[in-house]
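Note that UniProt numbering has the sequence shown beginning at 1, numbered continuously upward.
What the hints contain is simulated information worked out from the structure, not anything from laboratory work. It is possible that part of the hints are untrue.
As a list, the in silico BS3-like pairs of lysine-lysine whose alpha-carbon atoms are at most 25 Å apart [to be verified]: (1) Lys142 <-> Lys212; (2) Lys289 <-> Lys224; (3) Lys451 <-> Lys422; (4) Lys224 <-> Lys238; (5) Lys142 <-> Lys289; (6) Lys438 <-> Lys451; (7) Lys284 <-> Lys269; (8) Lys269 <-> Lys224; (9) Lys353 <-> Lys289; (10) Lys298 <-> Lys357; (11) Lys208 <-> Lys224; (12) Lys269 <-> Lys238; (13) Lys224 <-> Lys207; (14) Lys423 <-> Lys451; (15) Lys422 <-> Lys360; (16) Lys298 <-> Lys269; (17) Lys438 <-> Lys423; (18) Lys353 <-> Lys438; (19) Lys298 <-> Lys353; (20) Lys353 <-> Lys365; (21) Lys284 <-> Lys238; (22) Lys289 <-> Lys589; (23) Lys284 <-> Lys589.
Distance ranges between label pairs, derived from CB positions [what the hints assert, rightly or not]: (24) Thr631 <-> Val6: 24 to 34 Å; (25) Glu665 <-> Ala453: 45 to 55 Å; (26) Val419 <-> Pro300: 22 to 32 Å; (27) Asp687 <-> Asp273: 47 to 57 Å; (28) Ser178 <-> Thr385: 50 to 60 Å; (29) Val6 <-> Pro348: 44 to 54 Å.
Beta carbons: idealized from backbone N, C-alpha and C, even for Gly.
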Amino acid sequence: DRQTLVAVLQFLRRSNLRESEEILRREARLLGDDLGGSVATVATSSPGVAAVAAVPPGKGEARGDCGVGPSSRREPQEVGSPCAARSPGGSRLSEQLLLLAGAFAVGGAVVVEDQPDVSAVLSAYNQQGDPTLYEEYYSGLKHFIECSLDCHRAELSQLFYPLFVHMYLELVYNQHESEAKSFFERFHGDQECYYQDDLRVLSSLTKKEHMKGNETMLDFRTSKFVLRISRDSYQLLKRHLQEKQNNQIWNIVQEHLYIDIFDGMPRSKQQIDAMVGSLAGEAKREANKAKVFFGLLKEPEFDVPLDDEDEEGENEEGKPKKKKPKKDNVGSKSKKQDPNAPPQNRIPLPELKDSDKLDKVMNMKEAARRVRLGPECLPSICFYTFLNAYQGLTAVDITDDSSMIVGGFADSTVRVWSVTPKKLRSVKTAADLSLIDKESDDVLERIMDEKTASELKILYGHSGPVYGTSFSPDRNYLLSCSEDGTVRLWSLQTFTCLVGYKGHNYPVWDTQFSPYGYYFVSGGHDRVARLWATDHYQPLRIFAGHLADVTCTRFHPNSNYIATGSADRTIRLWDVLNGNCVRIFTGHKGPIHSLAFSPNGRFLATGATDGRVLLWDIGHGLMVGELKGHTDTIYALRFSRDGEILASGSMDNTVRLWDAVKAFEDLETDDFTTATGHINLPENSQDLLLGTYMTKSTPVVHLHFTRRNLLLAAGAYSSQ
Numbered sequence: 001d002r003q004t005l006v007a008v009l010q011f012l013r014r015s016n017l018r019e020s021e022e023i024l025r026r027e028a029r030l031l032g033d034d035l036g037g038s039v040a041t042v043a044t045s046s047p048g049v050a051a052v053a054a055v056p057p058g059k060g061e062a063r064g065d066c067g068v069g070p071s072s073r074r075e076p077q078e079v080g081s082p083c084a085a086r087s088p089g090g091s092r093l094s095e096q097l098l099l100l101a102g103a104f105a106v107g108g109a110v111v112v113e114d115q116p117d118v119s120a121v122l123s124a125y126n127q128q129g130d131p132t133l134y135e136e137y138y139s140g141l142k143h144f145i146e147c148s149l150d151c152h153r154a155e156l157s158q159l160f161y162p163l164f165v166h167m168y169l170e171l172v173y174n175q176h177e178s179e180a181k182s183f184f185e186r187f188h189g190d191q192e193c194y195y196q197d198d199l200r201v202l203s204s205l206t207k208k209e210h211m212k213g214n215e216t217m218l219d220f221r222t223s224k225f226v227l228r229i230s231r232d233s234y235q236l237l238k239r240h241l242q243e244k245q246n247n248q249i250w251n252i253v254q255e256h257l258y259i260d261i262f263d264g265m266p267r268s269k270q271q272i273d274a275m276v277g278s279l280a281g282e283a284k285r286e287a288n289k290a291k292v293f294f295g296l297l298k299e300p301e302f303d304v305p306l307d308d309e310d311e312e313g314e315n316e317e318g319k320p321k322k323k324k325p326k327k328d329n330v331g332s333k334s335k336k337q338d339p340n341a342p343p344q345n346r347i348p349l350p351e352l353k354d355s356d357k358l359d360k361v362m363n364m365k366e367a368a369r370r371v372r373l374g375p376e377c378l379p380s381i382c383f384y385t386f387l388n389a390y391q392g393l394t395a396v397d398i399t400d401d402s403s404m405i406v407g408g409f410a411d412s413t414v415r416v417w418s419v420t421p422k423k424l425r426s427v428k429t430a431a432d433l434s435l436i437d438k439e440s441d442d443v444l445e446r447i448m449d450e451k452t453a454s455e456l457k458i459l460y461g462h463s464g465p466v467y468g469t470s471f472s473p474d475r476n477y478l479l480s481c482s483e484d485g486t487v488r489l490w491s492l493q494t495f496t497c498l499v500g501y502k503g504h505n506y507p508v509w510d511t512q513f514s515p516y517g518y519y520f521v522s523g524g525h526d527r528v529a530r531l532w533a534t535d536h537y538q539p540l541r542i543f544a545g546h547l548a549d550v551t552c553t554r555f556h557p558n559s560n561y562i563a564t565g566s567a568d569r570t571i572r573l574w575d576v577l578n579g580n581c582v583r584i585f586t587g588h589k590g591p592i593h594s595l596a597f598s599p600n601g602r603f604l605a606t607g608a609t610d611g612r613v614l615l616w617d618i619g620h621g622l623m624v625g626e627l628k629g630h631t632d633t634i635y636a637l638r639f640s641r642d643g644e645i646l647a648s649g650s651m652d653n654t655v656r657l658w659d660a661v662k663a664f665e666d667l668e669t670d671d672f673t674t675a676t677g678h679i680n681l682p683e684n685s686q687d688l689l690l691g692t693y694m695t696k697s698t699p700v701v702h703l704h705f706t707r708r709n710l711l712l713a714a715g716a717y718s719s720q
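Please put together the full structure from these sequences, using the hints given.
Given below as structure tokens:
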């Protein structure tokens, strides 16, 4: 409408965005001539305003979920994370600018104080009802739901929490502080236990001014809370609210909730409890409909000439091929193309170097001697305890060939140990290198300086605690990420820092190399994950959509997808090719701290502060299992090399082993389950638990299966 348009034009003029103002005027025909598909770049120089550049959809452009378009959620853009949006064309531009102004005035980084016209247009909560009646409205609805039939009660009870929050915020926003306080005190005890942390934040918001800077609440106001309800239950609710003329609640339902209605039986309390608990409700069913290529890429075939003394090796090289048919399909890499695999060239992957090929041959030899695990044959566990780690151990990683272990510490150091008799050595100085005969066979040995050999190397460079570490697959590089907002790439030839990647403005909680090297992912407090390549100092993709910190990141084995876990209690799967979010998994009741893909790429295991391990079928986008047993946060998850066993490590000082084959067999993934989310989890996960192993007093922060399926675990001894 014209009033909105004028308000936005004024906003653009005040912000010196003349070009955009002109385009919007032309498009709205305020000057008469029409505009076809032009592109505007809105860049602002005022501090703290997120620049939103509209660009044509090209291959090289990163695209997060920018919230452009009527159906998408309006995500508040973080300061300093310019989000590249698709080319909106003429007709979409005004919408984008409205959203831009909307993000600033309502839920974004900048709250525009001196523009009453804009904030009037874009205010989220306007005064609609008598503040003294809010308690009555809420208790009336509560009474109605509690008295309804059992089958509807479970579904409609999902309304309590989002309505409670929005009604409370509406009272606070409209400055009815005493009514808000009494409303909160009367009803906050009725909410589910897993919302306690959110309610603690909410209870501290007692004045309108408090709401301005609070990210959690801004998200709650700007993103719709998703509820999945059967048609019958929805009709029942609608009829009740219309009969009671309860417009206040109906308006909140319309304005702030997204009700995903399905046809069929209402879900039971157990089914709903399994899926709810995230910051913004469940995922919409549409969110998990996109096709995901979860299969593995075909292994490159190459012949490696064998040395004379490697005659027996030739036989061993042949062994895995003979054994292959006997293996089940859990994790064996087949030579045939997997029908669910992405096209080989879907994303550019680095070419194999000679050293990589040699490593693959070694890997095949090790695989021939690998122990087949199962309920009858559990792995041995070797535990690396960090003693006297008064620097505070915050991250651990182990190389794929289990030759090195790295610890990230709270004193901002990164420490690398050799766990084999072979010591760590640096390359010689340039002067010494010039004297070496480049043609000799053992040139790689000669370039190493024996004088530098030691079991431990300490890497200095970060200026804050180191929260994530990751070795490259070829063991030449190491990544570390820190509270200082940077990700650093270290050379394991010289033990020096090669690059500092700056993009996150806040602490970076996790980083991980792609299984093919070259690419890596990082996630942090700014609520986005970024995809990088080692030779680019800018991120290639920005994955925006989480409503709280991105706490852990993992590459899919085929490197085409990235999973991120967040403090908003959801897990998202992102497509590396185009930056789209292709899966949203909800069900955890606390921040996610560990992720693991099964070796065949079909399943994902996730662990959180709620002490539960949840299992997901990636292709169908469904939860297929829940493993209960841990009593504290789960920081480490790993599948064995063939995928038969899932190991989980927790702050409760235990490592637990679970039967992954049994957990994933005869899954019900029919169309009905997929369409409605009627999941039936087995009541008891104890029959999947194969063993529990206690440490004396060491929380488990990392797990790793060697190539022969020995399980390595790591943690720092805590004296409390």
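The hints, checked one at a time:
Proposed proximity of lysine 142 and lysine 212 is contradicted: the alpha carbons are some 30 Å apart, above 25 Å. Under the criterion of a C-alpha separation no larger than 25 Å, the hint pairing lysine 289 with lysine 224 is consistent with the structure, at around 19 Å. As the CA atoms of lysine 451 and lysine 422 are separated by approximately 14 Å, the hinted pair is consistent with the 25 Å bound. Distance hint between lysine 224 and lysine 238 is fulfilled; the C-alpha atoms sit about 18 Å from each other, no more than 25 Å.
With a C-alpha separation of about 34 Å, the suggested pair lysine 142 and lysine 289 falls outside the 25 Å cut-off, and the hint is violated. Our distance criterion of 25 Å between C-alpha atoms is met by lysine 438 and lysine 451, whose separation comes to about 21 Å. Restraint check: the Cα-Cα separation between lysine 284 and lysine 269 comes to about 19 Å, which is no more than 25 Å; the hinted pair holds. For the hint linking lysine 269 to lysine 224, the alpha-carbon distance of about 23 Å falls within 25 Å, and the restraint holds.
With a C-alpha separation of about 38 Å, the suggested pairing of lysine 353 with lysine 289 is violated against the 25 Å cut-off. With a C-alpha separation of about 15 Å, the suggested pair lysine 298 and lysine 357 falls inside the 25 Å cut-off, and the hint holds. At roughly 21 Å between alpha-carbon atoms, lysine 208 and lysine 224 fall within 25 Å of each other, so this suggested pair holds. The straight-line distance between the Cα atoms of lysine 269 and lysine 238 is roughly 21 Å, inside the 25 Å bound, and the hint therefore holds.
For the hint pairing lysine 224 with lysine 207, the CA-to-CA distance comes to about 23 Å; that is within 25 Å, so the pair holds. A threshold of 25 Å between alpha carbons decides the hint, and for lysine 423 with lysine 451 the separation of about 11 Å falls inside it, so the pair holds. About 20 Å separates the Cα atoms of lysine 422 and lysine 360, which keeps this hinted pair within 25 Å; it holds. At most 25 Å may separate the alpha-carbon atoms for a hinted pair to count; lysine 298 and lysine 269 exceed this at roughly 43 Å.
A threshold of 25 Å between alpha carbons decides the hint, and for lysine 438 with lysine 423 the separation of about 23 Å falls inside it, so the pair holds. Only pairs whose Cα atoms come within 25 Å are accepted, and lysine 353 paired with lysine 438 is accepted, the gap being roughly 19 Å. Among the hinted pairs, lysine 298 with lysine 353 is consistent with the structure: their alpha-carbon atoms are about 17 Å apart, no more than 25 Å. Simply put, lysine 353 and lysine 365 have alpha-carbon atoms about 19 Å apart, close enough for the 25 Å limit, and the pair holds.
The hinted pair formed by lysine 284 and lysine 238 meets the criterion: a straight-line CA distance of about 20 Å does not exceed 25 Å. Note on lysine 289 and lysine 589: the hinted pairing holds, with a Cα-Cα distance of about 24 Å set against a maximum of 25 Å. Proximity of lysine 284 to lysine 589 is assessed by CA-CA distance (about 18 Å); at most 25 Å being required, the pair is judged to hold. In this structure the hint that threonine 631 and valine 6 lie 24 to 34 Å apart at CB is violated, the actual value being about 59 Å.
Remark: the range hint 45 to 55 Å for glutamate 665 to alanine 453 is upheld by a beta-carbon distance near 49 Å. The hint said 22 to 32 Å for the Cβ distance between valine 419 and proline 300, and at roughly 29 Å that hint holds. Separated by about 21 Å at the C-beta atoms, aspartate 687 and aspartate 273 break the suggested range of 47 to 57 Å. In this structure, serine 178 and threonine 385 meet the distance hint of 50 to 60 Å, their C-beta atoms being roughly 55 Å apart.
Our hint of 44 to 54 Å for valine 6 and proline 348 holds, since their Cβ atoms are close to 48 Å apart.
Hint compliance for this structure: hints 1, 5, 9, 16, 24, 27 are broken, all remaining hints hold.
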